[in-house]
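As they're listed, the protein sequences go chains A and B. Under full-length UniProt numbering, read the first sequence as residues 1 to 340, first letter to last. Under full-length UniProt numbering, read the second sequence as residues 1 to 377, first letter to last.
Quick caveat, the hints were computed from the structure, so don't treat them as lab data. Keep in mind that a hint or two might mislead.
[What the hints assert, rightly or not] Now the in silico label distances, taken between C-beta atoms and shown as ranges:
id, chain 1, residue 1, chain 2, residue 2, range
1, A, Pro304, B, Asp284, 28 to 34 Å
2, B, Leu26, A, Lys235, 50 to 56 Å
3, A, Trp253, B, Asp265, 26 to 32 Å
[Stated by the list, open to error] From the derived model, a few chain B residues whose C-beta atoms are all more than 10 Å from chain A:
id, residue
4, Asp86
5, Val116
6, Pro257
Beta carbons: idealized from backbone N, C-alpha and C, even for Gly.
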Amino acid sequence: MARKISFKQAINEALDLEMRRDPTVILLGEDIVGGAGGKGEEDAWGGVLGVTKGLHAKYPGRLLDTPLSESAYIGAAIGAACCGMRPVAELMFLDFMGVCFDQILNQAAKFNYMFGGKARTPVTIRAMVGAGFRAAAQHSQMLTPLFTHIPGLKVVCPSNAYDAKGLLIQSIRDNDPVIFCEHKNLYGHEVDVPAEAYALPFGEANIVRDGRDVTIVTYGLMVHRAVEAAAVLAKQGIEAEVIDLRTLSPIDWDTVIESVETTGRLVVVDEAHPRCSLATDVAAYVAQHAFGALKAAPQMVTAPHTPVPFSPVLEDLYLPTADVIATAVSRITAREKLVA
Amino acid sequence: MDMRIKPIVMPKWGLSMSEGRVTGWLKKAGDRIAVGDEIVEVETDKIAGVVEAGDAGLLRRAIGEEDIVYPVKALIGVIADEDVSDTDIDAFIAAYVTPAGDEEEGEAKGPGYEFVETDAGTIRYARRGDGGETVILVHGFGGDLDNWLFNIDAIAEKATVHALDLPGHGQSTKTVGNASVDGLAGVLLGFMAKLGIDRAHLVGHSMGSAVSMAAALAAPDKVASLTLIAPAGLGPEINADYLEGFVAAQSRRELKPVVEQLFADPALASRQMLDDLLKYKRIDGVEEALRAIMAAFLESERQRRILSPQIAAANLPILLIWGEEDRIIPAAHARALDGRATAEIIEGAGHMVQMEKASRVNDRILAHVADRVATPA
Numbered sequence: 001m002a003r004k005i006s007f008k009q010a011i012n013e014a015l016d017l018e019m020r021r022d023p024t025v026i027l028l029g030e031d032i033v034g035g036a037g038g039k040g041e042e043d044a045w046g047g048v049l050g051v052t053k054g055l056h057a058k059y060p061g062r063l064l065d066t067p068l069s070e071s072a073y074i075g076a077a078i079g080a081a082c083c084g085m086r087p088v089a090e091l092m093f094l095d096f097m098g099v100c101f102d103q104i105l106n107q108a109a110k111f112n113y114m115f116g117g118k119a120r121t122p123v124t125i126r127a128m129v130g131a132g133f134r135a136a137a138q139h140s141q142m143l144t145p146l147f148t149h150i151p152g153l154k155v156v157c158p159s160n161a162y163d164a165k166g167l168l169i170q171s172i173r174d175n176d177p178v179i180f181c182e183h184k185n186l187y188g189h190e191v192d193v194p195a196e197a198y199a200l201p202f203g204e205a206n207i208v209r210d211g212r213d214v215t216i217v218t219y220g221l222m223v224h225r226a227v228e229a230a231a232v233l234a235k236q237g238i239e240a241e242v243i244d245l246r247t248l249s250p251i252d253w254d255t256v257i258e259s260v261e262t263t264g265r266l267v268v269v270d271e272a273h274p275r276c277s278l279a280t281d282v283a284a285y286v287a288q289h290a291f292g293a294l295k296a297a298p299q300m301v302t303a304p305h306t307p308v309p310f311s312p313v314l315e316d317l318y319l320p321t322a323d324v325i326a327t328a329v330s331r332i333t334a335r336e337k338l339v340a
Numbered sequence: 001m002d003m004r005i006k007p008i009v010m011p012k013w014g015l016s017m018s019e020g021r022v023t024g025w026l027k028k029a030g031d032r033i034a035v036g037d038e039i040v041e042v043e044t045d046k047i048a049g050v051v052e053a054g055d056a057g058l059l060r061r062a063i064g065e066e067d068i069v070y071p072v073k074a075l076i077g078v079i080a081d082e083d084v085s086d087t088d089i090d091a092f093i094a095a096y097v098t099p100a101g102d103e104e105e106g107e108a109k110g111p112g113y114e115f116v117e118t119d120a121g122t123i124r125y126a127r128r129g130d131g132g133e134t135v136i137l138v139h140g141f142g143g144d145l146d147n148w149l150f151n152i153d154a155i156a157e158k159a160t161v162h163a164l165d166l167p168g169h170g171q172s173t174k175t176v177g178n179a180s181v182d183g184l185a186g187v188l189l190g191f192m193a194k195l196g197i198d199r200a201h202l203v204g205h206s207m208g209s210a211v212s213m214a215a216a217l218a219a220p221d222k223v224a225s226l227t228l229i230a231p232a233g234l235g236p237e238i239n240a241d242y243l244e245g246f247v248a249a250q251s252r253r254e255l256k257p258v259v260e261q262l263f264a265d266p267a268l269a270s271r272q273m274l275d276d277l278l279k280y281k282r283i284d285g286v287e288e289a290l291r292a293i294m295a296a297f298l299e300s301e302r303q304r305r306i307l308s309p310q311i312a313a314a315n316l317p318i319l320l321i322w323g324e325e326d327r328i329i330p331a332a333h334a335r336a337l338d339g340r341a342t343a344e345i346i347e348g349a350g351h352m353v354q355m356e357k358a359s360r361v362n363d364r365i366l367a368h369v370a371d372r373v374a375t376p377a
């Protein structure tokens with residue numbers, strides 16, 4: 001049966017169902033039990049924002065509280081994955097990935113290739129991403145492009161609880177390493193989610209809204225901003241199609257291209273920095289493969305090329321808003337009207 | 001309120017509908033309208049459909065604007081005879097207040113589904129209406145109780161209606177025990193027993209018809225009448241490619257051409273419908289459940305369980321409804337019950353005739369059920 005639950009509950013439920021189904025699923029992370037070695041109740045906390053709460057009691061011995069050493073426990077998770085486990089490591093903030101890059105991009109991402117398919121690395125690394133949480137420059141970045149650049153990694157960034165649950169279950173069942181990005185500002189967002197387990201396939205974008213005039217391609221928190229922008233644009237007679245990529249590696253090019261072939265206009269919205277990002281990637285792909293369909297230059301709406309500011313006023317300016325997205329759309333739809 | 005003036009309002013199709021978009025008028029102001037005429041096209045997040053006239057007269061105002069979304073029960077048009085003055089109509093429109101969406105009992109609390117534990121596991125159902133005869137709606141292969149979204153409320157105006165999800169379907173248990181038509185009939189009878197329903201009019205669609213017939217044969221005293229809509233169980237032919245395609249489809253792209261075969265108008269297979277079907281199909285256990293039911297249902301790509309000879313011999317009123325353009329089960333199978341059933345072959349409709357021509361199907365079902373009350377067998 002389906003009921004409304006939050007993004008955070010959906011993640012918890014996916015972990016719960018997969019741990020119940022498959023005894024090789026284990027969790028590693030900082031404070032995911034409640035702070036090993038410290039005084040006080042175990043499982044009181046369930047991770048920095050309480051995502052794993054309740055799981056330690058249900059699956060004793062299968063949640064490992066780790067030292068504050070990302071290099072060590074991400075490496076341990078990858079090693080365990082090579083040895084037959086399906087570990088899910090919680091890295092807290094994707095920003096901390098820097099200290100475990102060798103483990104991820106040189107080891108986990110390469111094993112299947114370098115050992116001729118004989119080694120699989122079914123590890124899932126969960127981490128929070130994104131700005132808007134007043135958490136400053138080292139805890140707020142949208143670093144998805146760093147991982148989409150690496151062959152051998154799968155990269156997921158859901159926009160809602162339904163997708164989060166199905167994609168996390170797929171990540172755990174998948175035989176490749178998956179970087180699973182959770183936007184911290186979506187943790188409280190609720191939608192209808194079935195209580196049962198279900199897996200959403202990678203590489204299938206979701207068309208959130210139909211439209212004939214312009215295609216807005218985005219993912220994560222920005223999906224909601226794009227939908228807001230589309231509602232504003234609809235009042236001006238512009239119908240925007242909003243595509244939620246859901247998975248960034250692999251990416252559903254077919255859906256993007258088919259949509260642009262109908263609308264003739266593309267706006268990519270990416271919370272990451274503007275250089276070498278999903279925004280540039282999608283814009284370039286469309287320019288190369290659907291140039292003939294384009295009626296106007298593809299537009300990118302991104303965060304600026306600066307660190308995420310700590311000042312709340314500046315941080316709000318940093319993130320693309322519905323207004324900024326609507327303006328970008330108007331820029332290319334207005335030009336079309338001039339020509340016509 | 002001026003009783004000479006009949007409002008056309010945004011309909012409520014199914015439990016979850018709260019608003020709909022007007023997509024086009026099929027009549028214009030000044031046109032004469034007969035009851036049942038198709039007046040205006042409406043699209044919801046589930047499906048596109050047509051609002052049919054519940055009253056006769058002149059269409060005096062087409063208020064609903066194309067591409068605008070209106071809440072359920074909002075005034076989108078006005079029917080009245082020519083002797084009603086424009087002033088009165090304008091006054092009616094000005095005074096019209098859209099009733100609040102949550103005024104109906106239970107809606108504020110949720111979508112109005114219930115769950116019951118049976119021997120076969122958890123079964124989800126919807127219950128609408130009160131009093132009169134009891135009608136049970138049984139969906140087909142791969143369907144769920146929302147297949148009746150255009151029917152359940154209309155039938156509930158004159159009967160107590162239950163629509164259930166069979167095991168392996170909708171939000172019922174995904175564990176299917178005996179997956180045969182007779183096994184599912186046992187689940188249906190168990191569901192009735194659990195709810196204390198002694199006797200009911202069974203309305204089945206497709207495989208649900210075969211299940212209803214099998215239930216009537218197993219427990220003749222429990223079944224007051226049968227309505228068989230695009231039924232399985234009357235002949236061996238069936239579009240086995242459709243069944244296999246439905247089970248095998250893993251993406252929207254694969255599912256679309258399969259589901260389009262269900263309708264005379266393929267546009268009715270909306271993206272929302274496909275997304276909802278994929279959400280269902282992706283739940284753990286569903287594919288296995290569907291494969292088990294399909295394996296029990298088919299034998300060398302033909303229907304295994306033919307119930308027509310037995311059902312023709314049973315002492316039971318039968319209504320047969322078929323879409324002329326059915327591409328899943330041929331409407332020619334209706335001949336198996338020639339002289340035994342009241343048959344209605346509806347043009348311009350495919351396998352999902354209860355969705356495509358809802359008001360005609362609803363009228364026939366209500367008349368069929370009412371006949372049984374007037375002249376008990």
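Verification of the supplied hints:
no., hint, verdict
1, Pro304/A - Asp284/B: 28 to 34 Å, "violated (43 Å)"
2, Leu26/B - Lys235/A: 50 to 56 Å, "violated (27 Å)"
3, Trp253/A - Asp265/B: 26 to 32 Å, "holds (31 Å)"
4, Asp86, "holds (31 Å)"
5, Val116, "holds (12 Å)"
6, Pro257, "holds (15 Å)"
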